[in-house]
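> The residues making up each chain are set out below.
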Amino acid sequence: MAESAKVARIIDGCKSGDPESFAQMVDMYAGRCYGYFYRLTGDRDISDELLSELFIKLVEKIGSYKGGVFESWLFRIASNLFHDHLRSRQRRRKLLDARRFELERVSDEPRRSDAKEETLDKLQVQLNRLDPDTRELIMLRFHSELSFKEIARIRSEPIGTTLSKLHRGLKKLREFMER
Amino acid sequence: MGDRSPEDIKALFGRFFDADEAEAAGEDMRAGEQIFRTHGAPAPDGELVDFIKVQLAARLARRRRLALAYRGFAAAAAVIVVAVIALLGRGPAPPDSPNVTYASIMPTAVWESDDVTADDFELIYFDSEIQRIEAEIRALESGEVNVAPAGSVEEIELELIQIKAEFWKG
Numbered sequence: 001m002a003e004s005a006k007v008a009r010i011i012d013g014c015k016s017g018d019p020e021s022f023a024q025m026v027d028m029y030a031g032r033c034y035g036y037f038y039r040l041t042g043d044r045d046i047s048d049e050l051l052s053e054l055f056i057k058l059v060e061k062i063g064s065y066k067g068g069v070f071e072s073w074l075f076r077i078a079s080n081l082f083h084d085h086l087r088s089r090q091r092r093r094k095l096l097d098a099r100r101f102e103l104e105r106v107s108d109e110p111r112r113s114d115a116k117e118e119t120l121d122k123l124q125v126q127l128n129r130l131d132p133d134t135r136e137l138i139m140l141r142f143h144s145e146l147s148f149k150e151i152a153r154i155r156s157e158p159i160g161t162t163l164s165k166l167h168r169g170l171k172k173l174r175e176f177m178e179r
Numbered sequence: 001m002g003d004r005s006p007e008d009i010k011a012l013f014g015r016f017f018d019a020d021e022a023e024a025a026g027e028d029m030r031a032g033e034q035i036f037r038t039h040g041a042p043a044p045d046g047e048l049v050d051f052i053k054v055q056l057a058a059r060l061a062r063r064r065r066l067a068l069a070y071r072g073f074a075a076a077a078a079v080i081v082v083a084v085i086a087l088l089g090r091g092p093a094p095p096d097s098p099n100v101t102y103a104s105i106m107p108t109a110v111w112e113s114d115d116v117t118a119d120d121f122e123l124i125y126f127d128s129e130i131q132r133i134e135a136e137i138r139a140l141e142s143g144e145v146n147v148a149p150a151g152s153v154e155e156i157e158l159e160l161i162q163i164k165a166e167f168w169k170g
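Same order as they appear, the protein sequences are chains S and Z.
Those letters in the first sequence? Residues 1 to 179, per this note's numbering, in order.
Those letters in the second sequence? Residues 1 to 170, per this note's numbering, in order.
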């Protein structure tokens with residue numbers, strides 16, 4: 001209860017444009033949001049970028065927060081940012097596909113992404129084997145610490161669908177991790 | 001998060017799955033939590049966190065400056081609107097105020113003439129006549145020329161006065 005009162009006080013400070021309140025907000029949520037972005041992208045640079053963007057969005061949008069579970073509101077923004085990132089990556093990929101000929105020539109050289117993958121931990125490697133939607137659902141659950149009801153609301157789907165997808169995803173992840 | 005406790009999760013899954021599936025789902029959930037506890041995600045770099053804070057402070061300062069500027073513009077706009085309304089509220093000025101009289105230093109005929117070219121020629125002519133007569137007077141007075149018959153100076157002076165009078169009559 002004391003924690004929620006503290007969060008409410010910080011949110012009020014943010015709404016009145018107090019930089020100190022925003023700094024406190026960063027201290028409170030940077031770790032969880034960073035973990036969420038990192039586990040979804042597996043890339044620290046992209047996670048850095050997304051985390052910065054998230055807090056900038058927070059400054060812009062805090063006035064529109066009208067109560068309710070703050071984490072739910074914050075992770076909805078985080079989820080939207082991640083989807084924007086995916087869309088822009090897909091656009092880039094299409095551009096690259098159009099220049100496949102050049103890429104094939106480059107593919108003879110050692111691949112940078114392979115080298116990067118070696119630095120990923122086991123969980124990240126196995127998470128990357130899941131489909132993006134399931135991966136995001138699991139990340140929302142474990143990083144946002146939201147209830148299933150809130151997660152279902154963020155994803156605009158029935159709670160039964162959320163539970164079913166999460167169960168299948170976790171089962172698969174467990175199997176991958178035990179191999 | 002009430003439904004995060006194992007009992008709530010079991011109950012929640014029990015609403016959508018049969019007992020065995022609900023049990024398995026609960027077990028997978030606990031195993032998943034254990035996996036995430038064991039393999040914690042990396043934390044953001046301290047420098048990144050500091051950079052974000054600086055970025056946010058700069059953005060807030062810029063927003064504050066913009067807000068002040070907008071308020072200034074709004075105040076200026078309000079002053080202009082009030083001034084315009086006050087000016088329009090007075091209505092048009094009376095065409096001829098009885099307290100004001102107008103006088104001209106130029107002859108009316110010249111002032112009202114539209115024929116600028118003709119006026120210019122007349123001015124040049126009168127000016128040259130005056131200069132010629134003045135030169136004659138100076139010459140007569142200095143005795144450089146032959147003495148004119150008596151009364152010629154007076155005649156010239158009269159002629160000069162006449163020309164000047166004609167000029168100002170237009």
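Hints may contain errors.
[To be verified] Which stretches of chain Z does chain S cover? Using the computed rule of at least three CB atoms under 8 Å from a CB of chain S, they are:
| no. | segment |
| --- | --- |
| 1 | 47-56 |
| 2 | 74-86 |
[Unchecked claim] Derived contacts from chain S toward chain Z, CB cut-off under 10 Å, selection only:
| no. | residue |
| --- | --- |
| 3 | Ile10 |
| 4 | Ile11 |
| 5 | Ser52 |
| 6 | Ser64 |
| 7 | Tyr65 |
| 8 | Lys66 |
| 9 | Gly67 |
| 10 | Phe70 |
| 11 | Trp73 |
| 12 | Ile77 |
| 13 | Lys122 |
| 14 | Pro132 |
| 15 | Leu163 |
Think of the hints as simulated: they come from the structure by calculation, not from any bench.
Nothing here was measured: the structure is a model prediction, and the numbers come from that model.
Just so you know, even glycine gets a beta-carbon here, dropped at the ideal spot from N, CA and C.
> Which of the stated hints cannot be reconciled with the structure, identified by number in ascending sequence?
As far as the earlier hints go, 2, 3, 4, 6, 7, 8, 9, 10, 11, 12 and 14 are violated by this structure, in ascending order.
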